[in-house]
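Q: Sequence:
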Amino acid sequence: MPAVAKTLLRLGSRLGSTAQNALEVARFGGFDTDEDASPCEVVTEQRVYRLRHYFPESASGPVVLLVPPLMITAEVYDISSRVSAVGVLHDLGVDPWVVDFGAPEREPGGLERTVSDHVLAVSDAVDRIRRATGRDVHLAGYSQGGMFVYQAAAYRRSEGIESVVTFGSPADTSVGLPFGLPSWLASEGVERIPDALLGGFAVPGWVTRLGFQVLSPVKSVRSRVDFILQLHDRERLAPRERQRRFLEREGWVSWPGPALAEFIRQFIQHNRMLTGGFVIGDRLVTLADITCPVLTFVGEVDEIAAPPMVRGIRRAAPRAQVYEASLRAGHFGLVVGGLAIGRTWPAVAGWAKWRAGEGELPDIVAPVAGDEEAVPAGLPGGSAGYGLQLAMGVGTSAARSAFRTASRAVHGTRQLTGEAAQNLPRLARLERIQSDTRMSMGLLLDEQAGRRPGEVFFLYEGRAHTHDAAKRRVDAVVRGLIHIGVRRGDAVGVLMGTRPTALALVAALSRLGAVAVLLRPDGDPAAEARLSGVTRVIADPEHAARAAKLDGVDGYLLGGAGRGERGPLADPPLMDMETIDPARVDLPGWYRPNPGRAGDLAFVVFTGDGEHLRASRVTNRRWALSAFGTASSASLSSSDTVYSITPLQHPSALLMSLGGAVAGGARLALASAYDPETFWDEARRYGVTVASYTWMLLRDLVNAPPNPAERHHAVRLFIGSGMPRGLWRRVEDRFAPARVLEFYASTEGESVLVNLSGKKPGSLGRTLPGSAGVRLARYDLESGRLEQGPDGFAVECEPGEIGMLLARVRLAAIGAAARPVRGVFAPEDAWTITGDLFRRDADGDFWLVGREAELIRTAEGIVPPGPIRDALGDLPYIDAVAVYGVPVGEAEVVAAAVSLRDAGELKPLDLSEALLRVEPGLRPAIVRVVDEVPVTAGRRLRTGPLRDEGVPRAGDGRTYYRDKAGAYRPLTDAARRRLLAAAAAREAR
1 MPAVAKTLLR LGSRLGSTAQ NALEVARFGG FDTDEDASPC EVVTEQRVYR LRHYFPESAS
61 GPVVLLVPPL MITAEVYDIS SRVSAVGVLH DLGVDPWVVD FGAPEREPGG LERTVSDHVL
121 AVSDAVDRIR RATGRDVHLA GYSQGGMFVY QAAAYRRSEG IESVVTFGSP ADTSVGLPFG
181 LPSWLASEGV ERIPDALLGG FAVPGWVTRL GFQVLSPVKS VRSRVDFILQ LHDRERLAPR
241 ERQRRFLERE GWVSWPGPAL AEFIRQFIQH NRMLTGGFVI GDRLVTLADI TCPVLTFVGE
301 VDEIAAPPMV RGIRRAAPRA QVYEASLRAG HFGLVVGGLA IGRTWPAVAG WAKWRAGEGE
361 LPDIVAPVAG DEEAVPAGLP GGSAGYGLQL AMGVGTSAAR SAFRTASRAV HGTRQLTGEA
421 AQNLPRLARL ERIQSDTRMS MGLLLDEQAG RRPGEVFFLY EGRAHTHDAA KRRVDAVVRG
481 LIHIGVRRGD AVGVLMGTRP TALALVAALS RLGAVAVLLR PDGDPAAEAR LSGVTRVIAD
541 PEHAARAAKL DGVDGYLLGG AGRGERGPLA DPPLMDMETI DPARVDLPGW YRPNPGRAGD
601 LAFVVFTGDG EHLRASRVTN RRWALSAFGT ASSASLSSSD TVYSITPLQH PSALLMSLGG
661 AVAGGARLAL ASAYDPETFW DEARRYGVTV ASYTWMLLRD LVNAPPNPAE RHHAVRLFIG
721 SGMPRGLWRR VEDRFAPARV LEFYASTEGE SVLVNLSGKK PGSLGRTLPG SAGVRLARYD
781 LESGRLEQGP DGFAVECEPG EIGMLLARVR LAAIGAAARP VRGVFAPEDA WTITGDLFRR
841 DADGDFWLVG REAELIRTAE GIVPPGPIRD ALGDLPYIDA VAVYGVPVGE AEVVAAAVSL
901 RDAGELKPLD LSEALLRVEP GLRPAIVRVV DEVPVTAGRR LRTGPLRDEG VPRAGDGRTY
961 YRDKAGAYRP LTDAARRRLL AAAAAREAR
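The opening position of the sequence shown corresponds to residue 1 in the numbering used here, with each subsequent residue numbered one higher.
In case anyone wonders, no lab produced these hints; they're calculated from the structure. Heads up, some of the hints might be wrong.
What the hints assert, rightly or not - No farther apart than 25 Å at their CA atoms in a straight line, the calculated lysine to any residue pairs in the SDA-like style are these:
#1 Lys760 x Leu786
#2 Lys907 x Lys759
#3 Lys760 x Pro920
#4 Lys907 x Pro920
#5 Lys549 x Arg530
#6 Lys353 x Arg128
#7 Lys549 x Gly560
#8 Lys759 x Leu781
#9 Lys549 x Val585
#10 Lys964 x Pro952
#11 Lys759 x Ser746
#12 Lys907 x Ala830
#13 Lys549 x His465
#14 Lys907 x Arg947
#15 Lys353 x Lys549
#16 Lys964 x Arg978
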């Protein structure tokens with residue numbers, strides 16, 4: 001036969017085979033390959049899942065439980081006899097089990113499932129397998145199935161889990177998204193999608209399949225072209241036919257709407273896989289609770305779960321030993337196809353046997369620590385061969401690279417713009433608040449509940465409470481308050497520890513328009529009740545007995561689970577408000593929810609004790625000023641969790657932590673007590689991004705031994721007031737990249753200073769936009785009066801000059817101001833004297849020099865303590881500094897007491913050099929080393945005990961005096977006598 005004829009014959013035969021095979025594909029979706037699935041039995045069938053046990057007749061060896069992602073069927077682990085993960089595991093001596101979530105669109109209630117449903121199902125499967133086999137389980141998952149695996153392991157605190165194995169499973173979405181997209185596109189875009197829309201529909205399987213194909217277009221097009229070009233050769237296509245049909249059509253199922261909404265909110269928008277604080281059921285979970293070994297497979301060319309996203313597990317689970325297997329594979333190639341059969345699944349089997357002590361660690365698996373990367377394992381044929389395979393993707397990769405470069409270039413501008421867009425409405429609302437504007441805590445809580453009812457409002461003792469649940473509880477307490485006779489404007493004492501009931505009661509009093517008088521459980525409730533004049537006090541079970549003993553006060557009980565479960569109560573017993581049925585309480589005609597106006601009194605808080613006990617009255621406007629000011633300064637959003645480690649009765653908790661969280665839409669985490677040893681564990685569990693402090697509170701945390709949970713922590717800000725400059729620097733050094741956001745404000749005044757930039761530790765920054773203005777005026781400390789210029793007005797201080805801080809007062813509020821003055825800088829202006837001395841630098845930033853009550857009145861003049869505190873606190877081995885006056889006759893001698901870090905040694909030369917930065921007339925006469933500088937329960941320095949000790953005796957080697965040349969030397973008996981005699985002589989002159 002002629003060659004041309006043979007060629008035409010072969011071409012005709014090829015076209016005929018192509019047409020025949022194409023017809024079969026069109027009619028049946030593919031070829032019939034006669035391949036059977038691996039043998040398995042369904043061990044149990046539950047509401048959310050079925051548990052498959054493969055090769056049950058010959059099961060032996062380590063147990064591996066495989067978990068599929070939501071959008072792909074469980075057959076991903078057993079596509080065909082040639083491409084079967086369970087088959088490889090069984091052949092290599094491992095006992096494979098698989099969780100089968102089924103097709104949600106075909107399961108009763110399947111489209112209503114949540115992420116929690118799937119995680120709890122995985123945990124249940126672990127328990128069942130352990131009972132059946134008597135072995136701990138290697139828990140393995142692909143893609144989102146691996147995220148379920150991480151979450152289940154964290155939920156169980158690794159109990160019963162031999163190890164965790166994941167394949168292309170992200171643990172940090174902040175480093176980017178599929179296809180190289182920047183993470184802010186999702187986080188900010190999702191923020192604008194209403195909850196009802198986000199979770200209101202399921203995503204069909206074909207949509208998910210199309211999305212994956214779009215995310216990897218080069219491979220998708222190439223595989224289809226290869227299939228068409230080989231369509232004439234049935235025998236060549238048959239081995240890959242089941243895999244093709246699985247990826248093209250049969251392997252995809254619907255994604256339930258609630259699960260999609262929860263997944264996007266918690267793990268894309270808020271990145272809680274990394275930060276912690278995600279909710280499973282009603283429990284808070286963090287990957288930091290994983291303590292078992294973790295093996296993560298990384299696809300070096302994975303466009304869907306990029307390597308940085310997958311490697312985030314090292315930061316998310318700091319207590320786990322992480323191992324990595326890095327392969328030159330894409331997302332599907334990690335678990336499906338020739339590479340997976342030849343490398344991935346043998347490595348999993350080898351890992352399980354190695355963990356059982358039955359072999360060596362697989363060669364492609366390596367332990368990792370910190371941010372180091374495992375050495376990638378190459379493909380058969382080397383990188384050159386794989387490069388040729390991806391040659392068609394060069395153009396796409398170049399486009400992606402250009403997009404990433406452009407994205408980085410605009411990221412800074414976008415971040416500033418985004419924060420401005422978020423904060424401007426808050427500041428604008430704050431500036432619009434007048435005395436008669438409706439404004440209260442209850443009102444803002446109702447607004448948040450209306451916008452996001454199903455979102456978490458607050459966290460306490462490992463549990464999450466949504467806005468909707470909190471609103472129902474608050475409304476019930478409101479009816480209870482009405483039942484006992486509370487009306488708008490009434491003052492009601494609250495004697496409770498930090499607990500959800502206390503939060504609900506304070507919010508309920510605000511919603512009613514009453515005044516919450518926050519009595520301190522660690523203070524003197526009787527004195528505070530007398531000072532505030534309350535006639536009703538509501539207590540929790542722990543403080544009921546103290547409430548019952550208050551004279552002239554009606555006591556009530558609120559909180560707990562009912563009288564039968566509480567044990568003995570107060571004597572005489574208090575009325576139990578939990579027995580009031582809210583449904584039976586008729587709302588009176590005068591009741592309107594959230595009637596409070598900005599000028600109305602909202603809270604009373606207490607500071608000091610004994611003769612220094614003081615009640616501070618907080619209006620709704622003052623609370624809103626702190627709330628919106630904190631939210632704006634800290635750029636709080638729904639992605640943040642604010643950790644309040646001070647009691648609810650403390651002004652910082654009420655005004656800053658609670659207020660900022662409510663105004664900013666952030667979650668609030670309440671600490672029942674502050675313990676540096678558990679701080680980081682709680683911070684991980686709650687997903688804390690912002691933590692509060694007062695005064696020296698963080699000193700114990702900085703001095704604590706390193707905690708594994710603090711590695712790669714998610715805290716970005718510590719917010720509060722009163723932190724010394726030296727401690728400020730230590731906090732930022734140890735807990736970087738977190739920084740300190742320091743505020744200054746009086747509890748009653750309406751002026752707020754904030755150090756927004758953080759570039760000057762110790763500075764209190766500038767006036768917060770929306771708060772009352774401040775000015776610094778010359779002040780005669782001896783007479784306690786403002787100095788006046790020739791025109792009779794006060795004289796404003798020059799930069800660097802110490803003066804009294806004055807805060808502007810609205811004329812409508814001048815009657816409530818503590819120390820009002822009129823006509824200070826202009827005929828009709830009104831100010832209040834804060835009692836705090838400041839200096840302002842050339843940049844306009846304010847620095848606290850000392851409070852009027854702290855001034856030391858020596859025979860040579862008045863000395864403020866601030867410059868000495870800052871200078872000594874800058875020495876690296878100084879832990880705490882207290883500056884005070886020691887009475888010598890009618891005058892005082894300036895003394896400083898310091899405690900040392902890590903058994904450090906105070907050197908006289910260091911003292912002399914450090915204090916050179918202080919004006920000679922303001923330097924201390926003596927500096928002493930003490931074991932511990934005393935502090936109050938709120939960690940504020942207490943100088944009274946040190947003052948009472950007087951000038952220490954000489955010869956202990958821990959006290960130093962300043963000689964005539966200004967140097968500091970060890971105190972001797974002769975020097976001590978001269979010091980006291982000189983002070984007395986100066987006083988006599």
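Q: Determine for every hint whether it applies to the structure shown.
A: Checked hints:
1. Lys760 x Leu786: violated, 29 Å
2. Lys907 x Lys759: violated, 29 Å
3. Lys760 x Pro920: holds, 24 Å
4. Lys907 x Pro920: holds, 20 Å
5. Lys549 x Arg530: holds, 13 Å
6. Lys353 x Arg128: holds, 22 Å
7. Lys549 x Gly560: Holds. Lys549 to Gly560 sits at ~21 Å (cutoff 25 Å).
8. Lys759 x Leu781: violated, 31 Å
9. Lys549 x Val585: violated, 29 Å
10. Lys964 x Pro952: holds, 20 Å
11. Lys759 x Ser746: holds, 24 Å
12. Lys907 x Ala830: Given that 25 Å is the threshold and the Cα spacing comes to 49 Å, the pair is violated.
13. Lys549 x His465: violated, 33 Å
14. Lys907 x Arg947: This hinted pair holds, its Cα atoms lying about 23 Å apart.
15. Lys353 x Lys549: Status violated; Cα separation ~67 Å.
16. Lys964 x Arg978: Satisfied, since the Cα-Cα distance of roughly 11 Å is no more than 25 Å.
This entry does not satisfy hints 1, 2, 8, 9, 12, 13, 15, going by the numbered hints stated previously.
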